[in-house]
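J.: Here are the chains, one letter per residue:
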Amino acid sequence: AQTVTQSQPEMSVQEAETVTLSCTYDTSENNYYLFWYKQPPSRQMILVIRQEAYKQQNATENRFSVNFQKAAKSFSLKISDSQLGDTAMYFCAFTLTRGEYGNKLVFGAGTILRVKS
Amino acid sequence: KAGVTQTPRYLIKTRGQQVTLSCSPISGHRSVSWYQQTPGQGLQFLFEYFSETQRNKGNFPGRFSGRQFSNSRSEMNVSTLELGDSALYLCASSPRTVNTEAFFGQGTRLTVV
Numbered sequence: 001a002q003t004v005t006q007s008q009p010e011m012s013v014q015e016a017e018t019v020t021l022s023c024t025y026d027t028s029e030n031n032y033y034l035f036w037y038k039q040p041p042s043r044q045m046i047l048v049i050r051q052e053a054y055k056q057q058n059a060t061e062n063r064f065s066v067n068f069q070k071a072a073k074s075f076s077l078k079i080s081d082s083q084l085g086d087t088a089m090y091f092c093a094f095t096l097t098r099g100e101y102g103n104k105l106v107f108g109a110g111t112i113l114r115v116k117s
Numbered sequence: 001k002a003g004v005t006q007t008p009r010y011l012i013k014t015r016g017q018q019v020t021l022s023c024s025p026i027s028g029h030r031s032v033s034w035y036q037q038t039p040g041q042g043l044q045f046l047f048e049y050f051s052e053t054q055r056n057k058g059n060f061p062g063r064f065s066g067r068q069f070s071n072s073r074s075e076m077n078v079s080t081l082e083l084g085d086s087a088l089y090l091c092a093s094s095p096r097t098v099n100t101e102a103f104f105g106q107g108t109r110l111t112v113v
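Sequences listed follow chains A and B, in order.
The opening residue of the first sequence carries number 1 in our numbering; numbering runs sequentially from there.
The opening residue of the second sequence carries number 1 in our numbering; numbering runs sequentially from there.
Fair warning: there could be bad hints in the mix.
Stated by the list, open to error - Some chain B residues near chain A, calculated using beta-carbon distances under 10 Å:
(1) 35
(2) 47
(3) 86
(4) 104
If you are wondering where the hints come from, they were derived from the structure by calculation, not from laboratory data.
Cβ atoms here follow ideal geometry from the backbone N, Cα and C, with glycine treated the same way.
Sequences are here, hints too, so could you generate the full structure?
T.: Here it is as structure tokens:
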């Protein structure tokens, strides 16, 4: 079974600073995707960034980047130049790319990030 | 393109009743997945439908069921509601058979009293 662990229940950061959220996962499979989703108080889950396991290069989306360590099964999210609008719950998620697995996402418990002014 | 639409947004039901939640995916998306979100258990996968067929199912009792229509709209039903069914129910749609990106609706907040 696939599992995702987020060991930081809550974090806070000052506006304009950098913060890193941790995620580890467990799988015996080789082909999968990893995601970071953001859930603000509005409850709308928004995709922040995704990483294909077969790609060695770390994904980057503007102020968001990941550090993907496949051997260590680690997938951390770095947010640079933090903004008040980044305040949200962040979920790390995993899915296999085997057809029979479908579109099932396995989520971590989430990290509440508070950006302070 | 319109996003994923879930109705209703809020619902209050009494123990023992049944409830039906609806999800309209993004146009052209054939996969719809449902998740239950609670403070204690986090986000848990309920089931996924693709082209009207259930492709995958999470570890939930048979009281939880779903279906998908030919226009890809999906419904989930919970019968004999229990207090523990109170949760945010999220629907996600995907364009492909393999999840390269899931788009979520805003959820239905179900409260069972």
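J.: Run every hint past the structure and note whether it holds.
T.: Evaluation of the provided hints:
The criterion of a C-beta within 10 Å of any C-beta in chain A is met by residue 35/B, whose closest approach is roughly 8 Å, and the hint holds. Because the beta carbon of residue 47/B sits about 9 Å from the nearest beta carbon in chain A, less than 10 Å, this interface hint is met. A cut of 10 Å between beta carbons decides the hint on residue 86/B: the least distance to chain A is about 15 Å, and the hint is violated. Residue-level restraint check for residue 104/B holds (minimum Cβ-Cβ distance to chain A is 4 Å; threshold 10 Å).
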